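One point on numbering: in this note's numbering, the residue at position 356 of the sequence shown is 356, and numbering is uninterrupted.
If you are wondering where the hints come from, they were derived from the structure by calculation, not from laboratory data. Any given hint might turn out to be false.
Restricting the straight-line Cα-Cα distance to at most 16 Å, the calculated cross-link-like pairs of lysine to aspartate or glutamate (EDC-like) are [stated by the list, open to error]:
#, residue 1, residue 2
1, K132, E155
2, K211, D318
3, K120, E236
4, K313, D340
5, K173, D318
6, K388, E34
Since the model is a prediction, treat every value here as computed from it, not as a measurement.
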Amino acid sequence: MMQHRQQLSLSGFQDGQTDGYIECPCNCGETVMEAELPSHLDLHAAEETALEVSARPPNELSEPARTTHKQCIGTSSLPKLSLRGSESLTVSIAGPENCVLTEGIKRLGRSELGPHANEKQMPAWLRRVLEKGPKSILTNTLSSNGALRKAETFENELTDVISVLARLCDRDKSVQRAFFCSSMVHQISKIPKEGGFCGYRNIQMLITYIKNARLLGYECFSGELPTILQLQDMIENAWDKGFNIVGRIETGGIRGTRKYIGTAEAQALFSSLGILCVANSIGPTESMRAHDALFMNVASYFRDSRNLEREDKVISTDLPPIYFQHQGHSMTIVGFEIRDNGSANLLVFDPMFKAPPAIKRLKDTPGLNPDPARILKGYRRGTTYLQKYTAFELLKLQVTCQS
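Please model the complete structure; the sequences and the hints are all you need to start from.
Written out as structure tokens, the structure reads:
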């Protein structure tokens, strides 16, 4: 029988509280949980990071965890990690012969679906914004054969960011070792005033990898990336086919609304298209806090992909990015790092965070020598941030490429 989604909860927040969410005072259009506001405002500051060369030592952005993470990826002789308490999320296989029991499954509320959990339709002005999509720019570029061609770029999408982050980690003296996923994934952020569509933006980021790596099922995404409204249709179609149909009961349907989606919806969408993926929920165990278990899981993902006898400080892999969910927000994990003080960081593309000017300049001028800690701040999520949560969800694509 299919399990319904795990109802992640923040300590002290109960569904139905009117003060659980607050509008960002920077007028970005985002409504965030009160506990998230300081981190959200930090991201606004990080977005404005210019390219400055600084001689000061890098900031310690993560508190040293009580558990030392140096050995997470430090040696290939460690046994494979097994997370006790990790519960696999399941998705129903489509077909009329499959009966999914829905008795006892309840409609979710504001703590899971966000401040617009009960709306029937999003405002007309917002729908027009989403239909219009991000601004695009046509630029002239030289192809490999020297011919001039026009290339279209979008205001909320940036390529080749991972290669820049890898160089910054290599220059950061506080980093002992770092791993990165494939550089084929693009960084995608929200457009102004769109609000809480982070789940859809993370799905789009995974799709950029699926398309560029020609993963099994990439033909489903020919042409431009599907829009938020198109992704809503695709999720509803997945439910129609029998994939995780409890999601429709729990959400009341998402088409044309601002209700939050999560790991279960992303998995249903990809599975309905024949794209292989596996989802897991991670919580605390008797011997490990939830965020430490998360670090161990992600470290194992990267560690198993390469021979760790290599001496490289920064290791780039061909792995897919990971869809990452906690209460009220989701991101895309693109890397993992261990610091010299024993602490660990996830390296993420956060849809709330657009690439700062420094990243864009370093793409074009790789020889510059900036202060890496200032630029990496918006991409790092360490113990200080993650210890607020007691449960996480991950969705990992399974690599089966087509020629």
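Evaluation of the provided hints:
| no. | hint | verdict |
| --- | --- | --- |
| 1 | K132 with E155 | holds (13 Å) |
| 2 | K211 with D318 | holds (14 Å) |
| 3 | K120 with E236 | holds (15 Å) |
| 4 | K313 with D340 | holds (12 Å) |
| 5 | K173 with D318 | violated (25 Å) |
| 6 | K388 with E34 | holds (12 Å) |
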